[in-house]
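Going line by line, the protein sequences match chains B and D.
Every letter in the first sequence is one number past the one before it in our numbering, and letter 63, counting from 1, is 63.
Every letter in the second sequence is one number past the one before it in our numbering, and letter 61, counting from 1, is 61.
Note that these hints are calculated values from the structure, not bench results.
Covered stretches of chain B, going by a simulated chain D footprint (3 or more residues, C-beta under 8 Å): (1) 60-69; (2) 236-249.
Think about it this way: if two alpha-carbon atoms lie no more than 20 Å apart in a straight line, the pair counts; the simulated EDC-like pairs of lysine to aspartate or glutamate are: (3) D:4 <-> B:283; (4) D:36 <-> B:50; (5) B:181 <-> B:171.
Glycine included, C-beta positions come from ideal geometry on N, C-alpha and C.
Single-letter residue listing:
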Amino acid sequence: MAMKIGNEEFFGRVDKGLKNDFMRNAMVSAQERLKNARLHAAEELGDWEDWRELSEEIRQHTLENLDFYLEQLANNVTAKGGHVFFAQTAEEANEYIKNVVKEKDAKKIIKSKSMVTEEISMNEALESMGCEVIESDLGEYILQIDDHDPPSHIVAPALHKNKEQIRDTFEVKKGYQHSSKPEELALFAREQLRQEFLSADLGITGCNFAVAESGSISLVTNEGNARLATSLPKTQISVMGMERIVPTWEELEVLVSMLCRSAVGQKLTSYITGLTGPKEEEDVDGPEEFHLVIVDNGRSKILGTEFQSALQCIRCAACINVCPIYRHIGGHSYGSIYPGPIGAVLSPLLGGYDDYKELPYASTLCAACTDACPVKIPLHELLVKHRRNMVEEQGKAPFGEKLAMKGFALAASSPKIYNAGTKMAPSMMSPLVKDGKISKGPGPVKPWTDIRDFPEPSKESFRQWFKNRDKGGDS
Amino acid sequence: MMAKGMVQNQEAFLNNIASSLGRERRTEQVVRPTWKKQPQYNVFKGETQDQLVERLKEQCQRIHTSFEMTSVELLPKVLEEIISKFDGERIINWKDDRFREYDLFSHRPFVLKSVPFSPKMSPQIHNNSP
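Chain B extracted, bound-state conformation:
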């Protein structure tokens, strides 16, 4: 799956989301649950704002010195016998991974959850060469067997499905014959996946954070699937976005603490795994060969710009869990594997304004996302910067909007035209007014009146009102 989900236009996707009552209820309940869990975890930890400042400082320092830390990481990985490939583009990353798979004659690949592999369409690349790629994260597994249904949340990708829908999918695709009880569903998936783990030729993981000082990668899961994907197959490939790195284990401890608490309200997830290179002589298990693929894919173009802070993201989805827009339209409406506020910032940066020009406007700018972010990314400010960029620097505003703004600028800069306009407005709009409001507006007013009434223009301008007020008028 590439970063872009489907080809439907933004407003079509939003309409679908708004009409999907089940999905919207699921979003409300999940947002409440995850948000409250995060708040509870933050309160329990104490000094939350200090933790946020520390996390922000760690991420900023790492990004400012990214070339040094990546080189240190590569040196330490190779010293341990692992191989490192720096991929400038998705194509380069996929080509390298395909070559390793081909060299190992691997047919079945077991994978743990990884956003960057989705971003670069790695599964499709491997499937095109005849490989079977199996997602082992439960949520991703459900989506994969359900004809590759797209994820709707970074942390909980199958959030939009209920247990009955999952049961039906298991029955149709895997011959499941039991109830929709979550325990039975999970046990069935576990049994299915266990066989896949044991028969896989190669394991692929993402990387929550790499540790430069030791050449390690860390994986954060609640299911233990990443451990099996990295213990059983003889070859392991880990793919990381180039910014997902910390200098030392001390910073890892801080950021993992923040990730677990901000994502799901846990002090720690059930499995926090640190892996360093391939299996050594005295190790009982682990891969015989280890490859680390470090992916740029547009990230270096964000460095050094006003959007650099977006790369501080640790993919916890705390911003998603508080966003009122996400709550109403759901994850699929964003048309990107990165939904919610961070998706609205990142998707246009990685995928371009042509595909994601609407996303920066899919926000009320209430700043709940900024307040929730554990690494203090000023998300709502970045959304405003996107809007300014598109309009002022890239000229991406629609023709009608440009014309309207030019007209307004002309009128607003000339007192005569402005006064004439305010005087004419009530009489021009009067045919549309009914009971003191406009319910069916024309042209650019239509999207507004489709969902709410527009007030009738007042016959008295502000200046007139102010004048009358001074004279003791009835205003």
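Please build the complex by placing chain D on the supplied structure of chain B, with the hints as guidance.
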């Protein structure tokens, strides 16, 4: 001695990053700053070992991990009981000198065996201290 691995495309990739950051490549050791805020050192500050054990026990429950507390003398017996609870006929263990030091597994072969998941694996707290 482990053979050194290969690295590919590093120079162009890292030069590009340095260029985006508007400076030359940084190859000298970067010194981590003293972080302005360091709340991590206040967590459980001043707590005794017993208090920390209680913290561990509580956290184990939260992450569905069984917690057993015992003495060195009873350790082999307690471990045997836990393994039996999961019908563990054969086990796999990491190489660690402490296993020998505590006389664990001395009568067991070190064999890898795949065991299907058992729903019996629910978190439990036991205290086998004498």
